[in-house]
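Trainee: Bring the two chains, given one by one in their own frames, into a single complex with the hints.
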Amino acid sequence: MSRRARPAGRGRDVVKSIVSLAVVLVLFVVPFAFIVVTALKSRSESAELRFTWPSELHLIDNLVTVLETRQYMLVRAFINSTVLTVATVVVVVVLAAMLGYVLARRHPSRVRSAISAIILAGLIVPAAIVPTVWLLQAIGLYRTIPGLTLVLVAYGLPFCTVLYRAFVSTIPRELDEAAMIDGAGPARLFFSVIFPLLRSITITVVIIQSVSVFNDFLHPLYYLPGNENVTVQLTLYNFQSQFNTQWNLLFMNILLITVPPLVMFILFSRRIVSGMTSGALK
Amino acid sequence: MVRIRHQYSYWFAAPGIALYLFFFVVPSLTSFFFSLTRWSLTEWTFIGLDNFRAFLDEPFLSKAIANTFVYALATMVPKVLIGLPLAAFLVSGFRAAGFVRSVIFFPTLVSTVGIGITFRVLMNPTYGLIDQALGAVGIRGPEWLSDPDLALLSVAAVDVWSGIGIATLIFVSGVVSIPQQYFEAATVDGAGALRRFFAITVPLTRPATATVVILALIGGLRAFDLIWVMTGGGPGFASDVLGSVIFKQYTAGFYGLSTAGNVIMFVIVAAIAYPVSRLLTRREVDL
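If you read the sequences in order, they're chains A and B.
According to full-length UniProt numbering, the first sequence is numbered sequentially starting from 1.
According to full-length UniProt numbering, the second sequence is numbered sequentially starting from 1.
Everything hinted at is true.
Here are some of the chain A residues that sit facing chain B, going by a computed Cβ distance under 7 Å:
1) PHE28
2) VAL102
3) ALA128
4) LEU135
5) VAL153
6) PRO186
7) VAL211
SDA-like mimics (lysine to any residue), calculated; alpha carbons at most 25 Å apart, straight line:
8) B:LYS248 - A:SER241
9) A:LYS16 - B:ARG195
10) A:LYS16 - B:PHE198
11) B:LYS248 - A:ASN227
12) B:LYS63 - B:VAL77
13) A:LYS16 - B:ARG196
14) B:LYS248 - B:GLY48
15) A:LYS16 - B:ILE178
16) A:LYS16 - B:PHE99
17) B:LYS248 - A:PRO126
18) A:LYS16 - B:ALA96
19) A:LYS16 - B:PRO85
20) A:LYS16 - B:ALA191
21) B:LYS248 - B:PHE52
22) A:LYS16 - B:ALA199
23) B:LYS63 - B:ILE47
24) B:LYS63 - B:ALA74
25) B:LYS248 - A:ASN238
Quick caveat, the hints were computed from the structure, so don't treat them as lab data.
Glycine is no exception: its CB is placed at the ideal position from the N, C-alpha and C atoms.
Next up, chain B with everything else stripped away, as it sits in the complex (with noise of 0.2 Å):
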């Protein structure tokens, strides 16, 4: 017997195609079955497309969906809208950049549970630093978490203050990358900076932009703890989410509706992300 061994079996990527197979592929797939049944995680009933009316006929579950389209724009947007001209300040260079980066960039260390208490102490009312600080210069402050109108983007607000660090640095790097005779040539023609900002920074980062637009997305399509955490989903279903109707589904033992749910954001994720990718990555940009 002619044994042909290859240099590169794929003997050895089985082990970790194995388990991202059996732990991650067979869920998901399963997972389009499940959600087609009443399902006690022992037996299950076929009942068909049931679970998805029942996101698409009550209020409080087809919410939960509008809900994390908002949260998802609510955190990307200003992540973009922030990070963007922050890179360009920071490598515009100054003593205290980099001192500066590392701090932006501390948050994305804590855990989103101790962010999610901390801030929900911070944004109180009647006590919190925020309100009182706002207080103190004439200006009252809203109910951050109770008021149902705007839980979710104060939630979001906090989103975007732990993750801003990663989008800015994402965009530091996309900026440095840049060759300085751009600037230079640009200076010369008597460019001032918002101009060289408009003309040079902001269409050669697109790589970047289009890194901080999807990661952003994604994770915004898919939050959860942050607002498990801040509101549990209130005031009333306020700030539901999809990632919190899971949840609550789950804990209430309505396994085929929670997986349903599952199946709704995966179709979400997948037909956001995708073509997005495709959008945003499709040209390089030339001078």
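For reference, chain A alone in the conformation it holds in the complex (with noise of 0.2 Å):
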């Protein structure tokens, strides 16, 4: 994507290289340094808040002292929190595919533009948050994954339909013509020929849902209060008073709920951000 066709001199190739390597450096390396160093020490050394490398390394008793923290309360929220990043991203990709297949393919009528205006009011509009907690209380979910679920899954759905009808009408239309002459119905069409090709498209909603599910702290802290369902995000935040002198180990606790997304964005930073930047320009 970059492009060095301008000619540009060898030596200021080096200068500009050096410069912004030293800037991003500081700004951005020693945040994220100074977390792992604060991680591998001792209580009495991460005390003291420097940026030093430890005197010797902690990293595996802080790590069983933190997974062992309130009866395994860090390995219950890592189960929680993939149990519901998985449904929630199962769910969103399923019925956003569907529902930006229908509104791609439909022609342009007032039902389609008035579904289209409800969706996108979605990506704008911020969520009326206690009337959701009285509507999950309603009907029995609040406090519960499958409640959180749910609500996430209508939050995720605006972003990821906009995705899914763009690239649904780069698809011709004459597939399915062709696949409708070979006599196959509706459901058929789409999850047998549809669904599989928007694959690439498909990976990219997995991988933004994902991250900003796993990394979600403002929903679970409405929707799952209580220690019975908390989310790794939430352990953190209550983590804080309980450590409150024990840098190490509050700073091990982010350095490991940082690992799921930092393996995501080694394995798919080419994908995670292709698909920012068409979901933020459509």
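Mentor: See the structure below:
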């Protein structure tokens, strides 16, 4: 993507590289390095909050202590967050793909533009939180993972539908017609012809949604209060008071819950990047 | 009975629409009603506009509204002013550009809670790395998060730090879509790098600018989690925004007042996002 066509002298290239690396190192790498070195320190050494390499590594004991805290609460939180993320992403992908497909294929009509307008509003308008709590209580899903899943699906649908809709409109209609002539019904047409063709956008949606659900703090805070169904972000938030003087453990916690998004990033960085921009620019 | 089966039946879209209507649209619509009540989640008393009056009359609530605007601007403006030149710099082509872009983007993937806690430590006036580094060059660093005049802006700075990656990315895709010939022609005509940036890059990345402005404004107006983790709205109410007031009133059991805050945020976001998006996307710029 980057263009090197313009003639830039070799010397200039080196200067630009060195200067930008230095700036980025100070502004962006140091904070992350700080998280890592603090997570590896002993309790007393971490209390100094200094940016130094630990005198001895406490990787394993810090890790074990964080995991054991409050009867393995972080482990339970990891399971909860994983279940929540997988369930939300699967449901969002299927529903948004179907919705985007219908919106892309239907001819313009009043019904279609009404649906589009309502969905697009969801990209802008902030969710009404307390009435949602009230609603979840009324149907008995407050403080439950299924309840939060359904809410997060609803919040994720607008963005994903927009992506799917744009992508479906690049698939030629002739394909639909060919499948229909071969006798495929609507469901068959979608699930065995169209949906497999959406693979690349589906991967993008899966990555963006899973990172955002896994990192979500606001909605678990409102819809999953208490220690029963805690998620990893809530755990980190709740451990703050307990680990008040144990910065090594707090930063080990941060480090641990950053691993899944980090792995995603390393495996799919190009896709994350293209997906975010295509979604943003429509 | 003749049954016309539509190939692209709305029944296919129905599950998604139903879920969205039930969990997003219904709460949004009922919030207009509940904002007019004193509400215990099980019972409500209609009190008219009292909740909204409270927002306007009580200094700490109306301050939260003002802070929300300050925060939105304080996060949006730097994202544009840093993001666009940075994007132009990154696509100008040098060996480390790809790496630099990835590193800048990385904070996007770290949770807000993690970022908030980390920067609370880094911004500590006595032990924090930032003030220690400033002290090393002879500058007495401020009390980033405990100075009432500075707390909100400190959080905004962290917000810019973590969001600049996406803004830059959007600008990069805008800059690379400009035909290379424009730059070449300008260079032939003797335009320097600065001139090319202002005469070509800035006007022709207008759609990208529009996207960044709108996303940053909406995000800034809805901000909650970073502020909550870093300052809890304090010191005092100095860094309270609508998002944190909504949460505070909710935990205090003032459900009607909390919902009124939500409605105010709804109105502000809609009233700003809609005209801004119209204004910014109105005309394409030609050379």
